[in-house]
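Numbering-wise (this note's numbering), the sequence shown opens with residue 221 and increments by one.
No lab work stands behind these hints: they were computed from the structure.
A couple of the hints might just be wrong.
Unchecked claim - DEER-style ranges, computed between Cβ atoms: (1) Gly443 to Gly278: 21 to 29 angstroms; (2) His380 to Gly278: 31 to 39 angstroms; (3) Asp338 to Glu258: 21 to 29 angstroms; (4) Lys367 to Gln250: 36 to 44 angstroms; (5) Ala332 to Pro439: 16 to 24 angstroms.
Quick reminder that beta carbons are idealized off the backbone N, C-alpha and C, glycines included.
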Amino acid sequence: MTDYSLLLNTIPSIQHGFGNKSALLPGHLQPYRTTLPEKKQVHGTRIVDVTQAAQLCGEADGFYTTQPGILLSVLTADCLPVIFSRHDGSAIAAVHAGWRGLLDGILEQLAARIRRDDSTANWVASIGPAAGPCCYEVNEELVARFKQQLPLPMTLISPHYRHLDLAAIAESKLRELGFADVDLAGSCTICTPNTDSLQPQRFKYTSYRRNSHRREQDPSHPGITGRNQYAGIIITGR
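Sequences are here, hints too, so could you generate the full structure?
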């Protein structure tokens with residue numbers, strides 16, 4: 221079952237959704253698939269203005285448009301997908317934010333792009349399914365980097381020993397950047413079970429971390445290439 225943002229659901233001139241293992245790209249967004257910009261996500265901070273369907277964007281992890289009919293999306297399998305809309309649906313954006321992107325400032329770069337034309341106070345953001353603090357265990361050095369570089373409470377960054385709360389970090393950043401509101405759609409990509417009896421999968425989402433652990437135990441287990449889920453948003457004008 222597709223995840224949706226309650227905030228974005230209130231904006232009538234856009235469509236959006238967060239994919240999962242059952243539907244990598246939500247079904248209602250499939251008709252717009254040919255408009256997807258071509259890009260290579262590299263855990264960077266580059267934001268691209270998308271002005272035409274199927275635009276060649278090169279290496280980029282953030283996308284912004286005011287053009288109706290162009291589906292913006294990011295692919296994730298534990299990193300944060302964050303999608304944005306102006307409150308009147310006249311402009312949208314999508315960002316891929318893993319731990320590198322959060323540290324290096326991709327959310328700040330997207331806010332700077334918005335501020336060239338507008339105020340972030342006119343925008344809302346939704347954070348989609350990603351590795352949760354329940355499961356996202358990292359080394360002590362990475363936790364220390366977050367605590368040193370970000371002026372956030374230690375308990376927000378790492379609520380459990382050697383675990384990071386990426387969504388909480390992103391939400392705090394977005395609110396500090398002046399976005400009108402932020403919500404969270406979906407749950408942990410590593411441990412959330414599948415509850416759709418019509419689907420055979422054990423877990424709801426594709427997870428790079430979970431897949432890596434399984435491949436360590438069984439090298440014949442397939443990788444996730446081609447199975448990342450899409451977070452998508454489009455201005456429909458309706």
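Status of each hint after checking the structure:
no. : hint                                 : verdict
1   : Gly443 to Gly278: 21 to 29 angstroms : 24 angstroms, holds
2   : His380 to Gly278: 31 to 39 angstroms : 38 angstroms, holds
3   : Asp338 to Glu258: 21 to 29 angstroms : 26 angstroms, holds
4   : Lys367 to Gln250: 36 to 44 angstroms : 42 angstroms, holds
5   : Ala332 to Pro439: 16 to 24 angstroms : 44 angstroms, violated
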